[in-house]
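Visitor: Residue numbers are given in my numbering: position 43 of the sequence shown equals residue 1400, and the series is strictly consecutive.
Among the hints, a few may not be true.
Said to hold, decoys possible - Computed list of lysine-lysine pairs in BS3-like fashion (alpha-carbon distance at most 30 Å, straight line):
#, residue 1, residue 2
1, Lys1436, Lys1476
2, Lys1467, Lys1436
3, Lys1454, Lys1467
4, Lys1461, Lys1476
5, Lys1454, Lys1476
6, Lys1436, Lys1454
7, Lys1558, Lys1547
8, Lys1436, Lys1461
9, Lys1436, Lys1547
10, Lys1547, Lys1565
None of these hints come from the bench; they were simulated from the model. From a predicted model like this one, the values you see are computed outputs, not experimental measurements.
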Amino acid sequence: GGGGGGGGSGGSDAAALEAALVANRQWLEAQQGQLRQAGEALRRRQEAIEERAAAAAAAAGGGRTYEEEALSVEDATAKLAALSDTRVRPALDLMGKMMANVSKAPAEPKYRRMRLSNKLVAEGLVHVPGARQFLVAHGWRIVEREFLELPPSDDPAAQAAAQAAAVAALTLAVAQAQEERRRAELEARKREAAERVAKQKADREAMKAAMARDRAEVAARGPAQASVAKKLPTESAGSMSSAIFQEQEEAEARANAR
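All chains should be modelled from the sequences, with the hints used to inform the complete structure.
Guide: Encoded structure:
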């Protein structure tokens, strides 16, 4: 009996934990969806701000500068890997296309030069923090204020292969960082769910223990002493008493007559 009860309790705890994990997973997916939407909205606002700033600079006779503080390959990779998928995806997609074109025609100048003021190019290389710094760390350079260019090489094919490998390594690093964050979030949610189930179980056990103590105290005091009421005479007993009294009265009357 005790073994069966323990098994049932363990089963109910496991079911509660599983239900909590499912709820947490659904909550996490909903949160991630909201974060993606918020990140996309933030990206669009940033692009609009940067475009207005560039337009204002052009109207004032100046020009936008795309120069940034130089970073090492490791630092630029870490900067990009720290971004959400929604934020970093435009950069990864564009870089992948760039390197595919360079690999297809390593010596073709048009594939080795990107106009940063172009809206489509800006989405991947201007509005994504760390994108230009990553490419500059791999040999690209800003020229003529608004172009990102891969300088000529004595071995264009080897250079193209190295560029493609660099972007592939970046894509892998970003995916690994995102997976680590996802696992960390899931583990945190699991811990929260397990702690919540453990607390509920502890509360139930504490309640059971309190009830057991109450029962033990009642048993120790013993049953209450009930007062016993005197039994009232029944109708037949009353009739018998009346007859006795009547006989006594008749006997006294006879004695007085004599």
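Visitor: Among the hints numbered above, which are violated by the structure, and what are their numbers in rising order?
Guide: Violated hints: none; all satisfied.
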